[in-house]
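In order, the protein sequence lines correspond to chains D and Y. Residue numbers in the first sequence follow numbering that gives the first Met the number 0, run continuously in steps of one, and reach 99 at the last position. Residue numbers in the second sequence follow numbering that gives the first Met the number 0, run continuously in steps of one, and reach 772 at the last position.
It cannot be assumed that every hint is accurate.
[As the list claims (entries may be wrong)] Examples of chain D residues toward chain Y, derived with CB under 7 Å: (1) Ile16; (2) Ile19; (3) Met22; (4) Asn95; (5) Arg98.
These are computed hints drawn from the structure, not numbers from a lab. Using N, Cα and C, we set each Cβ at its ideal position, and we do this for glycine too.
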Amino acid sequence: MITPTHYMLLSAALFMIGVIGVMVRRNIIIIFMSIELILNAVNINLIAFSAQLQNAVGQVFAIFVIAVAAAEAAVGLGIILAFYRNKETVNIDEMNLMRW
Amino acid sequence: MRYIWLIPLLPGLGALINGVIGIRSFSRKAAGVVACTMMGAALALSLVAFWELLGLPAEARAYDVNVAQWIPRIPLETHGGVGLFEVTWGFRLDPLAAMMLLVVTGIGTLIHVYSTAYMADEPRGGVARFFCYLNLFCFFMLMLVLGNNFLVMFVGWEGVGLCSYLLIGYWYEKKSASDAGKKAFITNRIGDWGFILGIFLIYYTFGTLDFRAVQNAAAALPIETMQFGALSAICLLLFVGAIGKSAQIPLYVWLPDAMEGPTPVSALIHAATMVTAGVYMVGRNAVLFSHAPMVMEIVAIVGVLTALMAASIGLVQYDIKRVLAYSTVSQLGYMFTAMGVGAFSAGAFHLMTHAFFKALLFLGSGSVIHAMGGEQDMRRMGSLKKHMPVTFATMMIGTLAIAGIFPFSGFFSKDEILFRAFLANKAVWVLAVITACMTAFYMFRLMSMTFFGAYRGPAWETAGHGAVALAAAHGAPHPADPHAHGQADRKQHEVSHGPAETDGHAIAHPAHDDHGHGPWHGPHESPAPMTYPLMALAVGAIVAGFVGIPAALGGSNTIEQFLEPSFTAEQVPAHAQPGVRPSDVTAGAELERGRTSAGEVKALEHAPGAVEQSGEHVSRGFEIGLMVFSLAIGIIGIALAYKFYVTSPEISERLAERFAGAHRTLSNKYYVDELYDATVISGTMASGRGLWTFDRKVVDGAVNGTSWVTVISSWFSGLTDRTVVDGVVNLVGWIVQESSLRFRRFQTGLVQNYALLMLFGIFAFVGIYLFVR
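Just chain Y, with the same shape it has in the complex (with noise of 0.2 Å):
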C-alpha cells in the first residue's frame, strides 16, 4: 500500500509512451498493448491495494502516502487568522477510495482491451493517439480518486475534462464531433469555477486543504439547520462542481453530445468513471454535506428533476447512444438523489454497480454499431439477437441490471436508494420511481428496437459466389457462411477489415467514421477483444450487487459497512495531518485525539446514520414490500416496452401521433439546447460582439483619434515651421544677400580706388582729431 501512487504513475507513463515514441512509431498492435499492460498493472497494483485495506480492522481503514511537497508552506489569510498554506502530493486510500479505485481500473483495463479490437480501422498514428489520450485520462481519473487534498483532486478534475475533450473530439476533422468537445469542455468549466470557489472558500474556512483535516474540522461545527453558512456556502459552490462534471440540470447539455467520441471512450468515461466523480467528490465530502441540510435538499432536488428529465427525454430518442447518454444523466441523477436524502453509502453503491452495467451497455452499443458498419439509428436495426448472440446476451443483462430486475446489481443499489428516499421525503420517492418506471421502458425499447422485430437495416451482399470469395480472401465470417462463425470467428475476425490494417494503406484510410473499412457483410458478432470484456462486464453486473444485499432480504449490507467510514469524520493518525512533522507525534497525539474523538460523536450524532436509524421503525415487511413494488414497476415497464415495440409497434407509432406535441418536446429534447442557445449562448456571443465593437468603435476610435490628433498638428507643426521658422532663416539670408549686392559695389578692385579711400579716412580721422577734439 506504500505504492498507491504508482497507481495512477502506470497509466500516465503508459500515456507518455504512447505520446512521445508511439503516434510516430507504433504499430496498432504495439500501441495497445503498451496501454493495456500499464492498466493492467494498474489494476494489479489496486488489487493488491484493496486486499491489503481489507486486512485491515474496520475503524483503521484509511492510508497516506505523502509522495513530495508541491506547494511549500506560504502564510495566508484564512478565517482565524494568518494559516500556513501547504499542499502535498499526498494520496489516500481509504474504503470509498478503494471501491472508485477498483471500478476505474477494472472497467478501465477492459475498455482498453476492448479498444484495441474497436479501433483497429484506424489509422495507425491515430490508435496511438487514442490509447495515449485514454492512459491519460486514467493517470488523471486515479489522481482524481486517491488525492488525498482538494489540490490534486482538482488537478484530476481538470485533467479528466481536458482528456473527456480530446477524446469527444477525437475524429476532429468531423464538425459535429469538435463541437461536442469543445461543448463538453466549456460547460465543465462553468462547473469547475465553482469547484475552485468551494476550495478557495475551505481554505479560507478551514486553513487546510487536507480531506481528514477539513472534515474533522467540519464535524466540530453545528449543523447550519435554520442559517445558510459557510458550509452550506461549500458545499452548494462543490455542488455546482459536481453539476458540471456529472451533468445535472442545468449543465447535462454536454453529455448526450458526447456520444460523438469513440463508443469506448463513451463508456469509460461518459458512463463509469469521469461523470461519476461529481458523486465521488460529493461523497468525500460527506461529513460537509452532511452540515449543510438546505444544500442537501438542493442536492437530492436536482438529482431527482434530472432523472426524471434525461428519462423522459431518453423515451423518443432513436440514436442508441443517445439513449444510453440520457439514461447515464439519468442514473447520475439517481446518485445525487441518494446523495441528497443522505444516503451516501448507497449513492456510491449505485454509482459502482451503475458503472458495471452503463460500460457494459455502452461497450454492447459499440459492439452493435460495430455489426452494423457504424449505424447508429436504431429505426435501421432490429433482429440482431441471431446474428450477435454474446452482445445480445450480455447487453440483456446490464439491461436487467438498470431495470432493476430482483438479482441483477442495480436492483439492489436502485432499490436502496428508493428506500432511502421513501424515508427522507415522499414526493423525491414518487418522483425516483416513475423515473425508475421510464428506465425499464427506455431500455427495453432499445433492446426491441435493436436486437427483436424486423430487420430494418441496409441489405447486405448475399452470399454469392464474389462475396465468398473475397470473405474468403479477407478471412471473415459471413452471415451465409456458417463455418466461418464457428470457430474460426475468433482469430480469423481480426484480420477482417482486410487492407486497412497494413500500414500502407493505414495513411490514406480516412478517420472519420466508427467503421471506414471496405465491404461490409452484414451484421456480425464482434471479435473476441470485443466480446471478452462484454461478458466480464455482464458478470460483473450480475454480481456486483450481492455486497449490498440489505438486511431486510437477509443480507448485511456489506458495502455499506465498509464504505461508511468514509463518509464520517474519523480519528486520524497523527502523522498524516499536515502541519505536523513525525517527531510532533508523540507530544500532539494526545491533544489530537481528545480533539477528533470530541468531534466524532457530534459527526455521528447527525450523521447520515441518524436516517438510518428513523429507518428502523419501517418494519422488515414494509421494507420487502417496497421492493416488491419497485420490482413491479420495472416489469411494468418492461412490459410496456415489450407491447410496444415488439408484439404491436403500430402502438407507440399511434401514440405519438397522438401525443403529438409531447412527443416533439421529447425528441427536442425540452428545447433546451434551444434555450441556451437563445439565452446564455446568444447573450455570450451578443456581449462579446458588443464588446469588439465597444473594441472597434471606442478603443480603435481613440487610437485612432490619438493618431488623427497627432497627424494634423504635427502638419501645424510643419506649416509654422516652414512658414514661421522658415521664414526668419530666409528673410536673413534674403536681407544679407540684398545688402551685399549693394555694398559689394565699392570693391572695385582698383589699387587706387581703394588708396583714395584710405586718403579720405586719413583725412577724416584727423579732421576729427584736430577739430572735434
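One chain only, chain D, in its complex shape (with noise of 0.2 Å):
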C-alpha cells in the first residue's frame, strides 16, 4: 500500500536532490535542472495530499505550478543564452556581477 508517507519521502527526497544540486553544481544548466526538480517534488506533495483529501485544488495547483515552471524554465533559459554571448560561459562563479 502506498501512503502519503510514501509520496512524501519521495517528495522530501527530490526536494533535497534538488536543493543540494543547487547548492553544489556550478553549471547553471544543471542548477536549473535541480530547480525544475525542486518544484515538481512540491508537485508530487501537492498531488498526493489532492488524492489523499478528495480535494481537486492541489491538483489545479500541480498544473499551475507546471505553467509557472514553464515559463521560468523559458525566462531563464533566455537569460541563460543572454549571459552566454556575453561571457561564453554557463559557470555559475563567472556570474558575480551583482556584488559590492
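Got two chains here, each in a separate frame; can you build the complex from them with the hints?
Take a look at the structure:
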C-alpha cells in the first residue's frame, strides 16, 4: 500500500536532491534542472495530498506550478543564452557581477 | 487803504521776476528798471495810504486789513485755560507803521535808483541777483512794518535777516564777505531766539498775538514796578530780539562787519531800515514796555552804553564805511535810550531823521568809494571836495544833521531825546551828551580826512594824449578835461566803464570789488542816478526835522502828536479783533467799548505821557538852555575835529602817541571780537569738538564695539558649527561608511552563496520554531 508517507518521502528526497544540486553544482543548466526537481517535488506533494483529501484544488495548483515552471524555464533559458553570448561560459562562479 | 497789503507784495513780485527770469535773461538795465518800478509803485501806494490816514481824525488813525487766514483755530494752552490760537495774514496801518512805511519805501526807492548806477560794473546776472535780493528785502521789511500780529512781523523779521545775509555776502567769492554774512546771520539768530520766546510767552499770557489785542490786554494789567512778572519777562525777551536786530551791546559785533556788502545795501539795510526794526518793535509794544519799568531801565542803559561805546570806537577807525557803521550802532543806541526813558515818539522821530541822514551819508560814502576806484581807507583820500562837489555838499548836510546842528533834522530829534533823558535820568543824559560830542567829532574827522586837506590817494594818469584818447573813447569825464565835467557829464558817465558794459565782457568780468573796471581816471563826480538820490536825501535830512519842532521853539511837535496813538492802548474797532465775527459786532461792541476804555484810562495814567507831564515843570527857558548846550557840544566836537584833522593834523598823531594804549584799545574795538572769539566762539567750537570727540569715541565706539562683539561671537558660532555640528554629521557619515565597508563583504554576487544563506536562515527559523517554542 502506498501511503502519503511514501509520497512525502519521495517528495522530500527529490527536494533535497534538487536543493543539493542547486547548492553544489557550478553549471547553471544543471542548477536550472535542479530547480525543476524542487518544483516537481512540490507537485508530488500537492497531488498526493489532493488524492488523499479528495480535493481537486491540489491538482489545479500542480498544473499552475507546471505552467509557471514552463514560463520560468523560458525566461531562465533566455537569460542564460544572453549571458553565454557575453561571457562564453555557463559557470555560475563567473556570474558575480551584482556584488560589492 | 484797503490795498495796503499790495505794498509789500509789489517788491515781492519784483524779486520774483528778477529772481526767476532776471538772473538768466535780463540786461542790467532791465533788472534795475523792474526793481525800481516795483519800489516806485510801492512808494506811490504808501503815499496814498498815508494821505488817507491823515484824512482820518487823530484817534481813528488805524486800519486793519486781514487778507487771508494763515493758521486756522487750534486749541492751545494759555495762562487762563485753553485758548484758540489763530493767525491771519493781517496788515495794519497806524501812525507808527505809516511813518516807517514812508521811510522804507521812500529811502528804499532812492537807494534802488542809486544802485542802478553803483552796481553797473557788476556782471549781468549779478545785477539781477542784487536787485532780486534788494526787492526781497523790501518785501520782508514791509511785512515787518505792516504786520498786525507778532507772527507776521516775525516772518518779516526773519526775512530781512535772510536778505541781510544774502546781501552782505553778495560778493560771496570774497572770504571776508561770506564770513561777515555768516556772522550777521548767526548773531541775529541769538536775538531771534529771544524774540520767538517772547512771542510764545505773549500767547501764553494773553491768548492772542494780535498787536492791538495784546496792547489792550496789557494796559489792563498793573505796572510791574516792584516784581519781575510776566510782562517784564515778555519785554526782556522782546528786547533781546531787538538787541540782535538793532546791533546793541552785546550783539552789535555783526554790524561793522556787515560793511562787506555793497554800499547801497549798507545804506538801506544796515543804516536806514532793517537795523531800526528793533527800535520799531519796541515802539510797537510801547504799552507792554511802559508796564515793565525795570526792563525800560535795562533798555535805556544798554542803549546809552552802546551809543557811547560805538561812538568811541568810531573816533579812530580809518575805513570810511566802518566809521559810519559804528555811527549807526551809536545812533541806534540813542534810539533805545529814548525808548528806555519812555520817549517813544522821540525815539521813533530819531529813527526817521536818522534814516534820512544816515542813508545819505552811506550813499555819499559809496559815491566817494566809487570815485576812488574802490578805496575805502580815509588815509588815502583827502581834498575830494573839488572833484565831487555834489557829494561833498550833500554829505556835509548829512554830517551837520547827525552832529545836531540847528536847522538840520538831527538837531530836533537828538535834542528831544537828550531833553527826555535829562528829565528821566541825569547819568544817562551825561553819557548821551558825551556821545553827541563824539558823534560830531568823528563825523567831521571823516569829512576832513575825505574832503579837506591834501590829496593822499594814488596818482592817476595825467591828461596825457593816451589818457585823453582813452577817455574820449569811453566818453569818460577826466579831471584834467574840463569839458567832460560840464553838461556832458551826466549822460556820458553812464557808459564810462567801457567794455564792462557789454554782455560779452560781463562773463569774464570778476565780481570781486566795488570797482573792478578798466583804467581809473582819478576821483570824479558820480553819475546822475547816484547824485539825484543824494540830493533828495539831503533835502530830507534838512526838512525831516521840521515835523518835530518842540513847543519850546514855537513849534507844535507834530510828529509826536501824530505818533502818540500808536504808543497807547486805544479803542479797538470790533471787527478787527481776532475771534470776533462781523455778525457779532453789534453784540460785542458795547462790551468791547466798556472794557477797552477802562484799560485806556489806566494806560494813559502810566503811559510815557506821564513823563511829559512832569516835563511841564521844567521852564521853557531851561529847555532852550539845554538845546543851546547840546548845540554847543556839537560845535565843540566839530571844532576839535577841524583843528585835529584840517588845520594841524600833527596834533591827532601826537595824541595817538601820547595815549597809545587807549588808541590801540579803540582801534581794536575794545577787543570785543577777540573776547568773543576767545570765549563764546572758541567755547562753542570746543564744545562742538568735544561733542565730535564724544561722537567719535563713544557713539562710534559703541557701534564699532557692537560690530566687534558680533564678529567675535559669530567667529565662535562658526567654530562651533564647524566642529560640533559638522563633527556629528561627519561622524554619522563616517560610521555609516566604515560599517558599510565591513558589511558589503556579504554581497558576494554569487547566487549559490545567497541561496545557502537563505537555507541556513530557514534552518535557523525552523529550528527555533521546533525547539525554542
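Going through the hints against the structure:
1. Ile16: This hint is violated: Ile16(D) lies away from chain Y, its Cβ roughly 14 Å from the closest one there, beyond 7 Å.
2. Ile19: Since chain Y brings no Cβ nearer than about 10 Å to Ile19(D), farther than 7 Å, the hint is violated.
3. Met22: holds, 6 Å
4. Asn95: Holds. Min distance 3 Å.
5. Arg98: Nearest chain Y Cβ about 3 Å off; hint holds.
Checked against the numbered hints above, the structure breaks hints 1 and 2 and satisfies the rest.
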